[in-house]
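Order-wise, the sequence lines are chains A and B. FYI, in numbering that gives the first Met the number 0 the residues of the first sequence are 0 to 140. FYI, in numbering that gives the first Met the number 0 the residues of the second sequence are 0 to 80.
Don't read these hints as lab results, they were simulated from the structure. Predicted model, so just to flag it, every value in this text is computed and none were measured. The C-beta atom is built at its ideal place from N, Cα and C for all residues, glycine as well. Among the clues, some could well be false.
[Unchecked claim] Chain B regions said to be covered by chain A (calculated; three or more residues, Cβ under 8 angstroms):
hint: 1; stretch: 21-33
hint: 2; stretch: 50-57
hint: 3; stretch: 65-71
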Amino acid sequence: MNTLILQAALASLLLVGQAEEKLFVASPLTMPQEFTPGIEGPACDQEGNILAVNFAKQGTIGRVTPSGKGEVFLELPGDSVGNGIRFDRDGFMYIADYVRRGTGFGCHAPARAKAAALQASGEASGEEHHLPVYGKRSKSA
Amino acid sequence: MIPESYVASRPDVLVVNPAGEEVGFIPTGAADQDQATVTGLPSNVEFGIGKDSHMLYVTVDTSLYRIRLKSVGFRVQYRAQ
């Protein structure tokens, strides 16, 4: 009996959480100030998470789940600040550098997510945090 | 053509057909704000994926917003080769 009540309560909670937004109405998914005013470049990974630049502080790439939970996915090296983000079909994420024009970064997003998960569970050192980011200068701007 | 002043007077996502005609707009901030302190201006958009393909994500001020649409996004990078 108690189990049934609990299940009903859980089901109603889930329904509230999944209430669909009104059609054609813009509604916030993250809290104000979670990103800096430099938020830019939203791009979806293959799991449906949204990546955008400047989560919490300039120079980061934030990852937000479809339910609105955000975190710093990676920090760009040096004083670089991201602008646009695109994904290719292999899961590589490409980030344009707003500070050094003509420069960009590539990061294999699934590998980065795996490294972060291992790090969070204590199975890997923090060294891997910065590993999967590659910078390359294209034609000078 | 849509005049720049017209667009700036109402922060929004504008829907334009291939002929350049406005077919819809979705406000992201209050209309007729002081241009020096305007809030709600979107910077970029991206469609969701999978079950969220009909969601349009928008970067606005210091947040990520989204808009539920009837249409779904098109992703050239995931097309079969």
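Here is what the structure says about each hint:
Figure legend: the stretch 21-33 of chain B, annotated as covered by chain A; annotation consistent (4 residues with Cβ-Cβ distances under 8 angstroms, at least 3 required). Judged by the Cβ-Cβ criterion of 8 angstroms, the stretch 50-57 of chain B is covered by chain A as claimed, because 5 of its residues qualify and three suffice. With a threshold of 8 angstroms between beta carbons, the proposed coverage of the stretch 65-71 of chain B by chain A holds, since 5 of its residues qualify and at least three are required.
Going through the hint list in order, the structure satisfies each hint without exception.
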